[in-house]
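Q: Chain by chain, the residues:
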Amino acid sequence: MSGLAVRFRFASVCAVTALAAALAAGCGGKDEDEDQPKSARAKGAVSESAPQPAAPAASAAAPAAGATGNASITGRIVFEGPIPAPEKFKMTADAFCVKQNPGEVARQDAEVGPDRGIKDVFVYVKSGITGTYPPPATPAVIDQRGCRYHPHVFGMVAGQSLDILNSDDTLHNIHSLPEKNESFNLGMPVKGMKYTKKFDKPEVMIHIKCDVHGWMSAYCGVVAHPFFAVTAADGTYAIKNLPAGTYTIEAWHEKWGTQTQTVTVGASESKAVGFTFKAGA
Amino acid sequence: MSAAGTRGTGAHEARNARILRIATRSVAFGVFLLLLAGALVTSTESGLAVPDWPLSYGKVMPPMVGGILYEHGHRLVAAAVSTLVGLELGALLFFLEGKRTVKLLAAAAFGAILLQAVLGGLTVLFLLPPAISSAHAALAEIVFALTAVVALMCSKSWDDLTAHDVFPRMADVKGPRPLSGARSAPLTSAIREENPHLSGLHQQPRISESLSFAFRWTLAATGAIYVQILLGAVMRHTGAGLAIPDFPLAFGRFWPSLEELQRPGVALHLAHRIGALVVVLLVVFATRALARLSSVHTVFGGFAAAWTGLVAIQILLGALSIWSRKAPSLTAAHLAGGALCWVVGVLAAACLGACRNLPNAVSSSRA
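Protein chains in written order, with the working numbering: chain A, 730 to 1010; chain B, 214 to 580.
These aren't lab readings, by the way, just hints derived from the structure by calculation. The model shown is predicted, which means the values in this text are computed figures rather than measured ones. A virtual CB, placed ideally from N, CA and C, is assigned to each residue, including glycine. Any given hint could turn out to be false.
[Unchecked claim] What the simulated footprint calls covered on chain A by chain B, stretch by stretch (three residues with Cβ under 8 Å from a Cβ of chain B suffice, anywhere in the stretch; the number is not a length):
#1 894–906
#2 915–929
#3 940–948
[Unchecked claim] Residues of chain A placed beyond 12 Å of chain B at every Cβ, according to the derived structure:
#4 Glu809
#5 Ile812
#6 Ala814
#7 Met820
#8 Pro831
#9 Gly842
#10 Pro865
#11 His881
#12 Val959
#13 Ala961
#14 Ala967
#15 Ala973
#16 Gly986
#17 Ser999
#18 Lys1000
[What the hints assert, rightly or not] Straight-line Cα separation of at most 30 Å, DSSO-like style, residue types lysine-lysine; simulated pairs:
#19 A:Lys819 with B:Lys539
#20 A:Lys848 with B:Lys539
#21 B:Lys316 with A:Lys828
#22 B:Lys539 with A:Lys817
#23 A:Lys1000 with A:Lys984
Model the full assembly from the supplied sequences, consistent with the hints where possible.
A: This is the structure:
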C-alpha cells in the first residue's frame, strides 16, 4: 500500500470518528431558548405546552351524564401500631435544593401525625358510579417547588388538564410512569416553565418522578368521575356531592397498599367510612 | 517487521508496537469505564434525567446536578471513548502491517460503538423501552469484548502464543526446563506422569486435544456468561432486580411457589439465579481445563485464576445487591463484574482458539 493511500485511509477514519463523537455527545452546540419546551421530549403526549386549560369537551354521542347529589362520605384514615419515624435524607445532589431544604428532610411516603392520622391517602369511589362525567374546566396543578412536588398525592378526572409548573430556579424533568395512559418525560430547565398534559384513561395510581432529583416523587389518581379525595395531615377526607347509592370505596396508600369498604348512602345522607392501615399489611 | 508487525524499522518499529499495545489496552479500559458509567445510570435510575438527545436540555453541557451527572456524564464518556475507538482503528490501519483480523475487529468495534450511540439515543427518546435498553446493554458487552480482543492481539502474549516455535520446543522437552519466551513456563511433570508413553513429538496430539478440550469448555462458559448478562440486563430494565427480595432463599423457601412465580419479574429473576449456577459450573470445568494448560503458557493459568476469582466476586456482588436493596454502587459493581467475567472468557477463548491447532500444524510440517 502506498504511503498516500494509507494516510488517506487514516484521515477518513479520523473524520468518521469525529462524526461519531458528535453523535454520542450531542452535536448542536447552540443554546436553545430555555423557556421553550423544544428541548424536552415527550412520547405520545396528548397535548403539550398549551398555556390555557383545556375546556371540557362534551361529546354529542356520549352516554348518559353522571348524576350528582347531596350525599357525602367522610372519614379518617389512621395508622395502627407504633408510629413509624419518617425516613430522612439530604438533598445533596443539587446545591439549589440544599439551599431550599438545609439539613435533613423527611420523605413523604409515610406521613403519620401524632394522632395517627395518615396524610396523602387517595380515597375514591371505585365502583357504584354510573354515567359519564365531563372533566372539569379547571386544570389540576402539580408544582415543582423547593425540589418537591406539590401536591405529593392528588386526583383528577380522566381527560382533565394537568398543569405542570416549575417554580424552582433549577432544572427538573417530570416523568410519568402510567400503565394505561401514555407516558411523558419533560425537561423543565427554567423557573416559571409550564406544560399542560392530560391522562385520558382512568388509572389509579400514576407514579410521577423526577430523574434528576431521585427523591422527588408524586402520585396521581385518575378516575372517571369527580368522587375522590386525598387525606389531610390529620387523616381526614370528604367525598361530597354523591348521588344516593351503594359504593365501593377504596383507600390507596403508596407504602401500605389499598383497602376497600362498601357503603350505602341515601340522598343528602352523610356516612363515615374509616380505614386503618398498619405496616406490612 | 517485528513480532508486533508494525510499520517501520528497528527502534521505530519497536516503539510503534509498544505504543499500539498501550493504546489498545487503554481503549479497552476506556470501554470498561464506559460500561461502568452506563451501569451507574441505570443503578441510580437516571436514564431519563436528560429527556432529550443528542442535546441535553437543549445544551451541549447542562448543569451537572442530580441524575444529570450520571446520564450526561455517560454521554460525555461515550463521546470520548467512541473517539478513542475510532482513533484506534485509524492507528491500526496506519501503523500495523498485516494482521487483517485485528483491523477487522477494530472496525467492528467502531461500527458497534456507533450503533451503541444510536441505541442510547433511541432508548432515551422512547422512554427506556426494555427491548432497546437491553439491546444497548448487550451491545456494550460486545464492544468491550471486541476492544479487549484487539488489545490481546496486539500484545506480546499473543505473539508468544501464536509463534509456531513454542510447540516444537515443548514437544522436545525431556525434563522440566523453560520454554521459549520469558512468559512461557516449563512443561510440567504432571503431563508426563499422566502420559508416560508420550514423549517428544508424541505429546503434540495430547496438547492439541487439551487445547481443544479447554476451548470447548471455555466457549460454553463464555456463552453462558453472555446469556446471563442478557438475563441480567432484561431484569434490570424491567425492574425485576428485587422481584425475589431475599437471597439465597426465594421468599423464605428453597423454591418459590407457583403463585409467587406468576408475579411480575419473579420467573425472570429466578432464571438469572439459575443462570448463575450454570455459569459457576461451566466456569469450574473451563478453569480446570485452562489450569492444566498453564504448562503450555502461563497465560492460561492466569485466565483460570482470574476467572475463578471474578466469578466468586460476582456471586458475592449479586447477593450484596439484593441484601442492600439494590444500592447503586453495588449493582453497578455487579454489572462491571459481569463484564469482566465475560471478557476474561472471550480472551481465554481467543487464545485457545489461536493456538489449539498449532501442535498439529507443527507435526505436519515436521512429517
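Q: Are the hints correct? Go through all of them and say.
A: So, going through the hints one by one against the coordinates:
1. Beta-carbon proximity to chain B at under 8 Å applies to 4 residues in the segment 894–906 of chain A; the threshold of 3 is reached and the given coverage holds.
2. A stretch counts as covered by a chain when three or more of its residues have a beta carbon under 8 Å from one of that chain; for the segment 915–929 of chain A and chain B the count is 3, and the coverage holds.
3. Chain B is given as covering the segment 940–948 of chain A, and this holds because 4 residues of the stretch bring a CB closer than 8 Å to a CB of that chain, at least three being needed.
4. Against the 12 Å criterion, A:Glu809 stays outside the reach of chain B, whose nearest CB is about 24 Å from its own CB.
5. Distance to chain B confirms A:Ile812 as a non-interface residue, since its nearest Cβ pair spans about 23 Å, more than 12 Å.
6. No Cβ of chain B approaches the Cβ of A:Ala814 within 12 Å, the least distance being about 18 Å, so the stated non-interface status holds.
7. Non-interface status of A:Met820 relative to chain B is broken: a Cβ of that chain comes within 12 Å, the nearest being about 9 Å off.
8. A cut-off of 12 Å between C-beta atoms confirms that A:Pro831 is not in contact with chain B; the least separation is 17 Å.
9. The claim that A:Gly842 lies off the interface holds: its Cβ sits roughly 27 Å from the closest Cβ of chain B, which is beyond the 12 Å cut-off.
10. Chain B leaves A:Pro865 outside its interface by the beta-carbon criterion, the shortest separation being 28 Å against a cut-off of 12 Å.
11. Against chain B, the non-interface label of A:His881 holds: every CB pair exceeds 12 Å, the least being about 19 Å.
12. Remark: the non-interface label on A:Val959 is consistent with the geometry, its nearest Cβ contact in chain B lying 26 Å away (cut-off 12 Å).
13. For A:Ala961, the requirement that its beta carbon stay farther than 12 Å from each beta carbon of chain B is met, with the minimum near 30 Å.
14. For A:Ala967, the non-interface assignment is confirmed: its Cβ lies about 35 Å from the closest Cβ of chain B, beyond the 12 Å cut-off.
15. No Cβ of chain B comes within 12 Å of the Cβ of A:Ala973; the nearest lies about 40 Å off, and the non-interface call holds.
16. Every beta carbon of chain B lies more than 12 Å from that of A:Gly986, the smallest distance being close to 15 Å; the non-interface claim holds.
17. Separation of A:Ser999 from chain B is adequate, the least Cβ-Cβ distance of about 40 Å exceeding the 12 Å criterion.
18. Distance to chain B confirms A:Lys1000 as a non-interface residue, since its nearest Cβ pair spans about 36 Å, more than 12 Å.
19. Taking the CA atoms of A:Lys819 and B:Lys539, the gap is near 19 Å; set against the 30 Å cutoff, the hint holds.
20. Straight-line distance between C-alpha atoms of A:Lys848 and B:Lys539 comes to about 28 Å, which keeps the hinted pair within the 30 Å bound.
21. For the given pair, B:Lys316 sits about 54 Å from A:Lys828 by alpha-carbon distance, which is inconsistent with the 30 Å threshold.
22. Under the criterion of a C-alpha separation no larger than 30 Å, the hint pairing B:Lys539 with A:Lys817 is consistent with the structure, at around 18 Å.
23. For the given pair, A:Lys1000 sits about 27 Å from A:Lys984 by alpha-carbon distance, which is consistent with the 30 Å threshold.
Comparing the model with each earlier hint shows violations of hints 7 and 21; every other hint is respected.
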